[in-house]
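Numbering follows the UniProt record's numbering, with no gaps: position 5 of the sequence shown is 5.
Derived by calculation from the structure, the hints in this document are not laboratory data. Note that the structure is a prediction, hence the values are computed from the model and not measured. Glycine residues also receive a C-beta, built at the ideal position from the N, C-alpha and C atoms. One thing to keep in mind: the hints can contain errors.
To be verified - 20 Å max Cα-Cα, derived EDC-like pairs, lysine to aspartate or glutamate:
1. Lys178 with Glu14
2. Lys178 with Glu3
3. Lys290 with Glu278
What the hints assert, rightly or not - Computed beta-carbon distance windows for the label pairs:
4. Trp313 with Trp287: 28 to 38 Å
5. Arg207 with Asn2: 32 to 42 Å
6. Tyr176 with Thr292: 46 to 56 Å
7. Asn2 with Val330: 25 to 35 Å
8. Pro168 with Met338: 36 to 46 Å
9. Met338 with Ala18: 33 to 43 Å
10. Glu3 with Ser247: 49 to 59 Å
11. Ser160 with Phe331: 46 to 56 Å
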Amino acid sequence: MNETLADWSNIGFELALAGYVVALVCYGIEFAARRGAVPTEAEAASVSLRQGQRGGTATLQGPIGHIGSAPRRSAAPLGARFGTAAVLVTVIGLAANILSILFRGLATSRLPLANMYEFTSMICAAAVLCWVIVLVKTRARTLGLFVMLPVVILAGVAFSVLYTPAGPVVPALNSYWKWIHVSTISISSSILLVTGAASVLYLIRGRYERRLSAQETLVASAGSGTVAAGEARSLAADTSLLSRLPSLATLDRIAYRTAIVAFPLYTFAVIAGALWAEVAWGRYWGWDPKETCAFVTWVVYAAYLHARATAGWRGRPAAWVSVVGFATIVFNLFFINMVVSGLHSYAGLN
Numbered sequence: 001m002n003e004t005l006a007d008w009s010n011i012g013f014e015l016a017l018a019g020y021v022v023a024l025v026c027y028g029i030e031f032a033a034r035r036g037a038v039p040t041e042a043e044a045a046s047v048s049l050r051q052g053q054r055g056g057t058a059t060l061q062g063p064i065g066h067i068g069s070a071p072r073r074s075a076a077p078l079g080a081r082f083g084t085a086a087v088l089v090t091v092i093g094l095a096a097n098i099l100s101i102l103f104r105g106l107a108t109s110r111l112p113l114a115n116m117y118e119f120t121s122m123i124c125a126a127a128v129l130c131w132v133i134v135l136v137k138t139r140a141r142t143l144g145l146f147v148m149l150p151v152v153i154l155a156g157v158a159f160s161v162l163y164t165p166a167g168p169v170v171p172a173l174n175s176y177w178k179w180i181h182v183s184t185i186s187i188s189s190s191i192l193l194v195t196g197a198a199s200v201l202y203l204i205r206g207r208y209e210r211r212l213s214a215q216e217t218l219v220a221s222a223g224s225g226t227v228a229a230g231e232a233r234s235l236a237a238d239t240s241l242l243s244r245l246p247s248l249a250t251l252d253r254i255a256y257r258t259a260i261v262a263f264p265l266y267t268f269a270v271i272a273g274a275l276w277a278e279v280a281w282g283r284y285w286g287w288d289p290k291e292t293c294a295f296v297t298w299v300v301y302a303a304y305l306h307a308r309a310t311a312g313w314r315g316r317p318a319a320w321v322s323v324v325g326f327a328t329i330v331f332n333l334f335f336i337n338m339v340v341s342g343l344h345s346y347a348g349l350n
């Protein structure tokens, strides 16, 4: 084993973690800087306060939360600069993450996916790469805060808890199937991380829009002037930050398209795992805890794609199914690997 390359791998991962943290902070500053902006015209409520006055009507119109004030720009220049910096640092962190994986593989002369540390490092890199591709396709930069948050958590756990010194692979993993099964399961799980983040934000954005609609109804019904404009401002101030999230259509499209890419990969990974199990343990399927959880995840995402294409299940119901699928992935990654005993115990902390 090459100790020098192993040390470079460790340094690369530390730089990647630092880059991801800085990117997260920059995304957060950009998102917060947008708080003073009003929703777009399509999202803003049109307030109409009518007070009966002897044959006349006094009408006041404007977005909720900014009654009587001039419209502001949709994003602060400072926030835009931090957003640009966030993307740049994200790419730098991704490059360091990829180099860390490459050096680890060269140091050990094997695919660096033999333990939880290496697996989590690969998930972080693949998830960030997926996010960069989504960003190029959709320009939904505000999603970056919510993608980088779980990535930073995963990278932090890998660095502080899961770290395993570079070394030879355990016998159970000494097979060409490791190139097939483990790589495809890590890549597909990483893409589904973006799917899960988009689905969670879809639910949050949907709740915001329902609340905004309720505000419109409340203010519009105040024909006698019983609801003051100041109260309307207060109601809108509670949700103005959420107006900076991507639209429901954008979030739904991101979640669906990433799931469409990830699901075939995940399906292939499960099948490859069964073939590997037959070679390693003499049976294709034994309902090992990790196998069972992987199968449950597959069923949930199959249900999500079916729900997404079924009238009456699109939108919020489908998003909830996607969130459940993401929860099973996280449960499988941490609880099954670290707590539950099984044939996959070699992938855990021991």
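Comparing the hints with the structure gives:
{"no.": "1", "hint": "Lys178 with Glu14", "result": "26 Å, violated"}
{"no.": "2", "hint": "Lys178 with Glu3", "result": "23 Å, violated"}
{"no.": "3", "hint": "Lys290 with Glu278", "result": "15 Å, holds"}
{"no.": "4", "hint": "Trp313 with Trp287: 28 to 38 Å", "result": "29 Å, holds"}
{"no.": "5", "hint": "Arg207 with Asn2: 32 to 42 Å", "result": "52 Å, violated"}
{"no.": "6", "hint": "Tyr176 with Thr292: 46 to 56 Å", "result": "25 Å, violated"}
{"no.": "7", "hint": "Asn2 with Val330: 25 to 35 Å", "result": "34 Å, holds"}
{"no.": "8", "hint": "Pro168 with Met338: 36 to 46 Å", "result": "22 Å, violated"}
{"no.": "9", "hint": "Met338 with Ala18: 33 to 43 Å", "result": "25 Å, violated"}
{"no.": "10", "hint": "Glu3 with Ser247: 49 to 59 Å", "result": "51 Å, holds"}
{"no.": "11", "hint": "Ser160 with Phe331: 46 to 56 Å", "result": "21 Å, violated"}
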